[in-house]
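Q: Below, each chain spelled out in residue letters.
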Amino acid sequence: MQVKETSTRIASRQELEDFRRLIVARRDPGRTCIAICTGTGCHAYDCLGLVAAFREEIQRRQLQDRVDITATGCRGFCERGALLTIYPQRIFYQQVKPEDVSEIISQTIIGGNVIDRLLYSDPNTKELFVHQEDVPFYRKQQRLLLGNNNRIDPTSIEDYLAVGGYTALSKSLFELSPKQIMDEVKRSGLRGRGGGGFPTAVKWESARRAEGSPKYVIGNCDEGDPGAYMDRSLMEGNPHSVLEGMIIGAYTIGASIGYVYVRHEYPLAVTNVTMAIKQAEEYGLLGENILGSGFDFRVKVSRGGGAFVCGESTALMASLEGKVGEPRAKYVHTAEKGLYGKPSNLNNVETWANVPLIVLNGADWYNKIGTKGSKGTKIFSLVGKVNNTGLVEVPMGTTLREIIHDIGGGIREGKKFKSVQTGGPSGGFIPESLLDMPVDFDELTKVGSMMGSGGMIVMDEDNCMVDMAKYFLTFLEEESCGKCLPCREGIKRMLQILTDITRGKGREEDIAQLERLSDNLIDSSLCALGGTAPNPILTTIRYFRDEYVAHIKDRRCPAGVCKDLITYFIVDDKCPGCGLCIKSCPKEAITFVAKKKPVILDQSLCIKCGACRDICKLGAIGVK
Amino acid sequence: MVTLTIDGREIKAKEGLTILEVAQEHGIDIPTLCHNEALEPYGACRLCLVEITARNGRSRLVTSCLYPIEEGLVVNTASERVIANRKMLVELLLARCSGEKVIQDLARQMGVETVSFRPEYVERNNCILCALCVRTCQEVVGVSAISLANRGVHREVAPPFLETATACIGCGSCVYICPTQCIKMEDVGDTRIIHNWKVQFKLKKCKVCGNYFAPEAQLEYIRAKLNLPQDFFNTCPNCK
Numbered sequence: 007m008q009v010k011e012t013s014t015r016i017a018s019r020q021e022l023e024d025f026r027r028l029i030v031a032r033r034d035p036g037r038t039c040i041a042i043c044t045g046t047g048c049h050a051y052d053c054l055g056l057v058a059a060f061r062e063e064i065q066r067r068q069l070q071d072r073v074d075i076t077a078t079g080c081r082g083f084c085e086r087g088a089l090l091t092i093y094p095q096r097i098f099y100q101q102v103k104p105e106d107v108s109e110i111i112s113q114t115i116i117g118g119n120v121i122d123r124l125l126y127s128d129p130n131t132k133e134l135f136v137h138q139e140d141v142p143f144y145r146k147q148q149r150l151l152l153g154n155n156n157r158i159d160p161t162s163i164e165d166y167l168a169v170g171g172y173t174a175l176s177k178s179l180f181e182l183s184p185k186q187i188m189d190e191v192k193r194s195g196l197r198g199r200g201g202g203g204f205p206t207a208v209k210w211e212s213a214r215r216a217e218g219s220p221k222y223v224i225g226n227c228d229e230g231d232p233g234a235y236m237d238r239s240l241m242e243g244n245p246h247s248v249l250e251g252m253i254i255g256a257y258t259i260g261a262s263i264g265y266v267y268v269r270h271e272y273p274l275a276v277t278n279v280t281m282a283i284k285q286a287e288e289y290g291l292l293g294e295n296i297l298g299s300g301f302d303f304r305v306k307v308s309r310g311g312g313a314f315v316c317g318e319s320t321a322l323m324a325s326l327e328g329k330v331g332e333p334r335a336k337y338v339h340t341a342e343k344g345l346y347g348k349p350s351n352l353n354n355v356e357t358w359a360n361v362p363l364i365v366l367n368g369a370d371w372y373n374k375i376g377t378k379g380s381k382g383t384k385i386f387s388l389v390g391k392v393n394n395t396g397l398v399e400v401p402m403g404t405t406l407r408e409i410i411h412d413i414g415g416g417i418r419e420g421k422k423f424k425s426v427q428t429g430g431p432s433g434g435f436i437p438e439s440l441l442d443m444p445v446d447f448d449e450l451t452k453v454g455s456m457m458g459s460g461g462m463i464v465m466d467e468d469n470c471m472v473d474m475a476k477y478f479l480t481f482l483e484e485e486s487c488g489k490c491l492p493c494r495e496g497i498k499r500m501l502q503i504l505t506d507i508t509r510g511k512g513r514e515e516d517i518a519q520l521e522r523l524s525d526n527l528i529d530s531s532l533c534a535l536g537g538t539a540p541n542p543i544l545t546t547i548r549y550f551r552d553e554y555v556a557h558i559k560d561r562r563c564p565a566g567v568c569k570d571l572i573t574y575f576i577v578d579d580k581c582p583g584c585g586l587c588i589k590s591c592p593k594e595a596i597t598f599v600a601k602k603k604p605v606i607l608d609q610s611l612c613i614k615c616g617a618c619r620d621i622c623k624l625g626a627i628g629v630k
Numbered sequence: 112m113v114t115l116t117i118d119g120r121e122i123k124a125k126e127g128l129t130i131l132e133v134a135q136e137h138g139i140d141i142p143t144l145c146h147n148e149a150l151e152p153y154g155a156c157r158l159c160l161v162e163i164t165a166r167n168g169r170s171r172l173v174t175s176c177l178y179p180i181e182e183g184l185v186v187n188t189a190s191e192r193v194i195a196n197r198k199m200l201v202e203l204l205l206a207r208c209s210g211e212k213v214i215q216d217l218a219r220q221m222g223v224e225t226v227s228f229r230p231e232y233v234e235r236n237n238c239i240l241c242a243l244c245v246r247t248c249q250e251v252v253g254v255s256a257i258s259l260a261n262r263g264v265h266r267e268v269a270p271p272f273l274e275t276a277t278a279c280i281g282c283g284s285c286v287y288i289c290p291t292q293c294i295k296m297e298d299v300g301d302t303r304i305i306h307n308w309k310v311q312f313k314l315k316k317c318k319v320c321g322n323y324f325a326p327e328a329q330l331e332y333i334r335a336k337l338n339l340p341q342d343f344f345n346t347c348p349n350c351k
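In order, the protein sequence lines correspond to chains A and B.
Offset between the first sequence (1-based) and this note's numbering: plus 6.
Offset between the second sequence (1-based) and this note's numbering: plus 111.
If you're looking for bench data, these hints aren't it; they were derived computationally from the structure.
For each residue, glycine too, the CB sits at the ideal point set by N, CA and C.
Where hints are given, some of them may not hold.
Keeping only pairs whose Cα atoms sit at most 25 Å apart, straight-line, the calculated DSS-like set for lysine-lysine is [stated by the list, open to error]: (1) B:Lys212 with A:Lys348; (2) B:Lys125 with A:Lys336; (3) A:Lys421 with A:Lys192; (4) A:Lys421 with A:Lys185; (5) B:Lys295 with B:Lys318; (6) A:Lys580 with A:Lys559; (7) A:Lys343 with B:Lys125; (8) B:Lys336 with A:Lys498; (9) A:Lys306 with A:Lys329; (10) B:Lys309 with A:Lys498; (11) B:Lys295 with B:Lys309.
Partial selection, computed: residues in chain A whose CB lies under 8 Å from chain B [to be verified]: (12) Asp122; (13) Arg123; (14) Ala335; (15) Tyr337; (16) Glu484; (17) Gly488; (18) Pro492; (19) Ser530.
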């Protein structure tokens, strides 16, 4: 519900506060609101169908005057989508389908009863949880950045204003000098969330000091890591928080033009941020003379074509200029000569979203969260063989074990944890022995991995570490821009060696050769893509050397993954002869000996696709 | 002026120069492949890596063709780390372009006798992807008829959409600059053909000696650019 005449810009700090009071006053906190997650994960669970079904049902029962529907951004617990919360009671339902709508309206909205079936139930204790914050997945989280995704409609600037949005901006413009903001951000200890963990204030300071006009600020939402969607969810679910951070940053640095670089594969993020910019301009929070302060700043959206390397700052700037997205050497920093050769400050969108919090609550509040060298919270995209996949926001320093076991609910199907890969495709693999390490920028680097933008892929006993290294090198080979020799040719050779190892053609000297190539890439690559590409190899060699040795010396894949090194067989005493495997086999390699008797597998026909092993829940298909 | 040390020698040089420029001025040899002084530095071949040591004692490798000199900079152009990296780079090049003499010679100079990769990995590409041709066409000729297409291992020098290089004027600068002679051009009678870019040009006949001396398209490009008279190129440079 919009209460403002859109033609009037907010012209002063007082007007902003008056307007905010007006919005809040017109909202009845006791009114029923069904906030439905419409983040990316929930789209797969037909959340849009759910929203439509609620709208229809409410119309049909003529409840429009009593009940609001809000389509919110991502709530993080994607494993259990579609998710919704009923306010003011804050009843949290999960795995909701359109066919549940009628029951929710009659039982919960009208009847006031909680439907147990839709509550989250702990798989082990069977305990039911009514409120989101009590659910184990959320309990250890500190959702400073994602918290507002629970309630606000990302397409409504008034929703953002109602929760205090743009207060940090007005405080910055009217109470603080750019230097004071810079000092506050410096004292907060904020480090860049895009990967490198560079101190944000240091970057800002260089851009502020640099000579040249105009100056640019850029929001990097070119999140290219497979399985990562932190930035996407911020952009889709709360775009104004990112914009507010960028405006404060621009004011601090003295920039007049901003760009949000967002990948074209994120259509909802593009739509929502474009809409947010338009609204902010209409309300006088962007454009000329922001809030009557005399500060001018405009933001444009630029869509990326999907190249992973365009997340690198210089490649991103080349792409923004309409050139091929290839990195260049940063011996002259982009803070001095960046976009169009002008001083430019690029931060990841998660970094930008932290800025209003720091301005509003102060550095002393912020730097109490986290570890000595890494302050604040970090959003991780927890995926892979973990029970609760989703977006997790925790204070820096939370241990891997807490994230994977307490929040993530442990490993699927009771299997054994093997490794977690952090930091995207060029991150490292961390073994079980290091699960109690606190997660922050420096600790992750120490163990050979990195924070990256916050990807976290969990692997279990069924994953082959050589195969996983090969998988990520395949991605990096495709995504290397190819400009510099070591990255282009080096990754190709490393991948050839890894492929040969997984095919049983490994040689003893291969490990040393991989290490030599890795050293070369780290030392001589043009950008961080090549410089970090060896991480998956180096960490798997460091922590899972025995698997390499098994592949090379014994021609054996201990995890039973590498097709050329494995054989499937029937475990006779476990096979009841149900025939499920026969139906699943695409090559008719499995046949009945007699009905209800163990089956046989013809090795000459088997293509080792593993379909039989996947479908058999009795463990009757073995692999060696 | 800036004072820096290269391989133990104290050198004073003009601010704004790169390490490579200063080294070359003082006869210190740093190998390069993708560098040409007529072009903007590019930093793709990485052969010109040198080790620099900052005042805090930390050292790192940088490409000397791009790194601007600074006061107190300490440069080592042939440290153990530099040599190890250069050798691996040459080995990678040799594995890509095993048949190229210029690469073989370079390898020999650096003491790389054999490639440590498996024989089945070794390729016989002609192009080392130094992009000298593309950059010359863009920066010197000014027509950008060819560019680098695709990413990573699929990267190649190509005319637009892998079809005919319609903007090409047939000047042959790309052929001239290519260190591995992998761009094939020939003049047959009154026609110039550049096979790689799928283009043919009619050659201009000199009114005096009767020899074909340059593509008409190139002469027209130069004439228009320099605003020369229509008949300026009716005679060849030798007969002028």
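Q: Does each hint hold? Answer for all of them.
A: Do the hints match the structure? See the list:
Our distance criterion of 25 Å between C-alpha atoms is broken by Lys212 of chain B and Lys348 of chain A, whose separation comes to about 43 Å. Of the pairs offered as hints, the one joining Lys125 of chain B and Lys336 of chain A holds, with about 21 Å between alpha carbons and a cut-off of 25 Å not exceeded. The straight-line distance between the Cα atoms of Lys421 of chain A and Lys192 of chain A is roughly 44 Å, outside the 25 Å bound, and the hint therefore fails. Only pairs whose Cα atoms come within 25 Å are accepted, and Lys421 of chain A paired with Lys185 of chain A is rejected, the gap being roughly 53 Å.
Of the supplied pair hints, the one linking Lys295 of chain B and Lys318 of chain B is violated, its CA atoms being roughly 28 Å apart against a limit of 25 Å. The suggested pairing of Lys580 of chain A with Lys559 of chain A is violated, with an alpha-carbon distance near 31 Å, which exceeds 25 Å. Under the criterion of a C-alpha separation no larger than 25 Å, the hint pairing Lys343 of chain A with Lys125 of chain B is consistent with the structure, at around 21 Å. Our distance criterion of 25 Å between C-alpha atoms is broken by Lys336 of chain B and Lys498 of chain A, whose separation comes to about 44 Å.
In summary, the hint linking Lys306 of chain A to Lys329 of chain A is supported, as the alpha carbons are separated by about 17 Å, within the 25 Å threshold. Our distance criterion of 25 Å between C-alpha atoms is broken by Lys309 of chain B and Lys498 of chain A, whose separation comes to about 29 Å. Note on Lys295 of chain B and Lys309 of chain B: the hinted pairing holds, with a Cα-Cα distance of about 10 Å set against a maximum of 25 Å. The interface hint given for Asp122 of chain A is violated, since its Cβ lies 52 Å from the closest Cβ of chain B, which is over the 8 Å cut-off.
At a threshold of 8 Å, the smallest CB-CB gap from Arg123 of chain A to chain B is about 49 Å, leaving the interface hint violated. For Ala335 of chain A, the shortest C-beta to C-beta distance to chain B is roughly 4 Å, which falls under 8 Å, so the interface hint holds. The interface hint given for Tyr337 of chain A holds, since its Cβ lies 5 Å from the closest Cβ of chain B, which is under the 8 Å cut-off. The closest approach between the C-beta of Glu484 of chain A and any C-beta of chain B is roughly 6 Å, which is under the 8 Å cut-off, so the hint is satisfied.
About 3 Å separates the beta-carbon of Gly488 of chain A from the nearest beta-carbon of chain B, less than 8 Å, and the hint is met. With a least beta-carbon distance of about 6 Å to chain B, the hint placing Pro492 of chain A at the interface is held under the 8 Å criterion. Below 8 Å, beta-carbon pairs count as interface contacts, and Ser530 of chain A has one with chain B at about 5 Å; its hint therefore holds.
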